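A.B. asks: Sequence:
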Amino acid sequence: MSDVVVIGAGNAGLCAALAATKAGARVTVVEWAEQDSYGSDSYFSGGLFRVAYDDLDDLERIVGPLGLEGAEGLAEHRSYDEADFLSDWGRVTGYRCDADLADLVVSRSFDTIAWMSTLDVPFRSPIVVDDTGRVRHSRPGWHGGFVEVSGAGAALTEALLRAAEKAGVSIVYGVEARDAAHDTATGRWTLSGRAADGSTATFEGDALIVASGGFQADTEWRTRALGPGWDLAKVRGSRFNTGQGIRIAMEHGGVPYGNWSGCHAVAWSAGSGDAGRPDANHVFERESYPFGITVNRDGVRFIDEGSDFGAYTYARYGREILRQPGQTAWQLFDHRAADLLTTEYNYKNPEAARLQLGSLEEIAARLAGQGVDREQLLRTVAEYNAAVDGSTEFSPYVKDGKRTNGLAIDKTNWATPLTEGPYYAFEVTCGITFTFGGVKVSNDAEVLDRTGRPLPGLYACGEAVGGLYYFNYPSGTGLTAGAVLGRAAGTAAAAV
Numbered sequence: 009m010s011d012v013v014v015i016g017a018g019n020a021g022l023c024a025a026l027a028a029t030k031a032g033a034r035v036t037v038v039e040w041a042e043q044d045s046y047g048s049d050s051y052f053s054g055g056l057f058r059v060a061y062d063d064l065d066d067l068e069r070i071v072g073p074l075g076l077e078g079a080e081g082l083a084e085h086r087s088y089d090e091a092d093f094l095s096d097w098g099r100v101t102g103y104r105c106d107a108d109l110a111d112l113v114v115s116r117s118f119d120t121i122a123w124m125s126t127l128d129v130p131f132r133s134p135i136v137v138d139d140t141g142r143v144r145h146s147r148p149g150w151h152g153g154f155v156e157v158s159g160a161g162a163a164l165t166e167a168l169l170r171a172a173e174k175a176g177v178s179i180v181y182g183v184e185a186r187d188a189a190h191d192t193a194t195g196r197w198t199l200s201g202r203a204a205d206g207s208t209a210t211f212e213g214d215a216l217i218v219a220s221g222g223f224q225a226d227t228e229w230r231t232r233a234l235g236p237g238w239d240l241a242k243v244r245g246s247r248f249n250t251g252q253g254i255r256i257a258m259e260h261g262g263v264p265y266g267n268w269s270g271c272h273a274v275a276w277s278a279g280s281g282d283a284g285r286p287d288a289n290h291v292f293e294r295e296s297y298p299f300g301i302t303v304n305r306d307g308v309r310f311i312d313e314g315s316d317f318g319a320y321t322y323a324r325y326g327r328e329i330l331r332q333p334g335q336t337a338w339q340l341f342d343h344r345a346a347d348l349l350t351t352e353y354n355y356k357n358p359e360a361a362r363l364q365l366g367s368l369e370e371i372a373a374r375l376a377g378q379g380v381d382r383e384q385l386l387r388t389v390a391e392y393n394a395a396v397d398g399s400t401e402f403s404p405y406v407k408d409g410k411r412t413n414g415l416a417i418d419k420t421n422w423a424t425p426l427t428e429g430p431y432y433a434f435e436v437t438c439g440i441t442f443t444f445g446g447v448k449v450s451n452d453a454e455v456l457d458r459t460g461r462p463l464p465g466l467y468a469c470g471e472a473v474g475g476l477y478y479f480n481y482p483s484g485t486g487l488t489a490g491a492v493l494g495r496a497a498g499t500a501a502a503a504v
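Numbering-wise, the sequence shown is residues 9 to 504 according to our numbering.
Hints are computed from structural coordinates only; laboratory data are not their basis.
Please read all numbers here as calculations on a predicted model, not as lab measurements.
Pair by pair, the computed Cβ-Cβ distance ranges are:
1) Arg86 - Leu386: 44 to 50 Å
2) Lys407 - Asp44: 41 to 47 Å
3) Glu212 - Gly460: 24 to 30 Å
4) Ser403 - Gly235: 34 to 40 Å
5) Thr427 - Gly141: 27 to 33 Å
6) Pro236 - Thr126: 45 to 51 Å
7) Ala346 - Thr126: 37 to 43 Å
8) Ser399 - Glu166: 48 to 54 Å
9) Thr192 - Asp62: 44 to 50 Å
As a list, the in silico DMTMM-like pairs of lysine to aspartate or glutamate whose alpha-carbon atoms are at most 20 Å apart:
10) Lys407 - Asp316
11) Lys30 - Asp452
12) Lys30 - Asp11
13) Lys410 - Glu428
14) Lys174 - Asp44
15) Lys30 - Asp119
For every residue, glycine included, the Cβ atom is placed at its ideal position computed from N, Cα and C.
Please put together the full structure from these sequences, using the hints given.
C.D. replies: Written out as C-alpha cells, the structure is:
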C-alpha cells in the first residue's frame, strides 16, 4: 500500500486525497491553517464549476430534475459541449493556455463533477426560469455551462472534508509545509513543516502532491512577480496561499510555467477588510458592472463595461482598477439596474462602501468629498447618456448590442442612460483571487523538469499549476481544473 502526502486541504487537495484513497493509498493531508481557519481559496469561492455537457439529461444526473421543458429560450442552454468550453477558454486566454491540459480538463470535467456529486457535494444548476417564463442564468450577464454548489465555497469545503473523513483520510491542521527531501535510493519523500508551537513535524510518503495554491497572499512575491502596485491589492481569499508548495516543487527541479505576471483579479468592495474572513466569504465581489458605468477619481470611465459577458471579463478588471489613482473606482447605477445587481454578492451589505441618493448631483457631491472630480464626473455621465443608442432594445441576458457611439471608450453592450433615480454608487478596489504562474505538469499531474521529464513521485494540482490561464480567466474553470487534476494526481500517486 502506498503512502501519499498532500500539501493543502482545498478542493484540489481533497480531490487528490479522495482519489488516492479510493485507489488504495494511505493518505495524509497537511494543512497550514487551523481546522476553523479556512486555509484554502476554495472556501472563499462562489462554488462555480464550468462543465461540458451534451444535453440537459447530463446536467440532471448531477443536479436532479430541472423542470425547464416548455420554457422560452431553452435552446441556448440545452448544451455546452467540449468544443464550446475549449473555445471560450482559448478565446479569453489569447490561445496561450496549455492546449493539452485544457483538453484534459474539458474532456474530464463532466465525469469529475459527477464523481464529486457521489461524494455528496450539493450541486445545483444556475439555470433558472424568470418571472417572464424565460430560461436564463441566475447571474444576469453571465454565459457558459455551469453547475454551482448550494452554499458556495463553504458548502463545497464542508462536503469534501466530510467525504475525506468518511474515507479515512488523515488531515493534520496547523502545520506549515517548509521543506521536502527526496531519497533517490528508496524513492520516498519527507515533508518537513512547522507546527503552531514552533516544533518541526515530518511526514513521509511514496509520493508528494502539492495542492497549496498560488502565491497571492505573499505580498513580496506577489509584487515581485506581478509588478509595482500589487502590494496594494486586497487578497480576497485565504491568507495561507503564499506559494510554499510551488517553491518546494521548484527547489526539486519543477520548471516554472505559465503567466507569472498574470492573475485573477476582480472588482472588490473597498470595505471588505482583511483577507480570509470566514464571515465575508466571497460576498464582496462586485460583478454587476455591465449594467452601469465605472469611473475613477478623475471622474472618467476607463473600461468598456459591456465588452463581453461578465463571466469573461470580471477576472481581469481588478487589474484595471489597480492602475487607477488611489487604486479605487466607483460603479454607478440608476434605479433601472437595481434588480440586476447580483444579490449573491450582496450589494446591500453594510460594508459595501455604498451610496444611494436621489440625484446624480448629490452622488457627485458626495463622491467629491472622497476625492472624485465632481465636474468631470457629471460631464462623463452626460456624455455617456447622450451617446447611448436608443434604437436598440436592452436585454441583460444576451449580448444585446445596445452600445454607445463616439466616446473615447465606447460601451458595446448593455448601455442604458443613467437618468432614473435613485442612483447607486459602490466604491471598488482590486481584489486578487489567485496567481496564474506555477509549475508545469503532465496529464497525470506529475511535476515536470526543464527537459519535460516527470520528477519521481512529485505531483501538483490546483492553483500551483501554471499554464492554464493567461491575461484572463473563464469563470468556473479554476475549481473544475483543480478537481480534475487533483483526481489525476491522487490516482497516479497511489500507483507509485
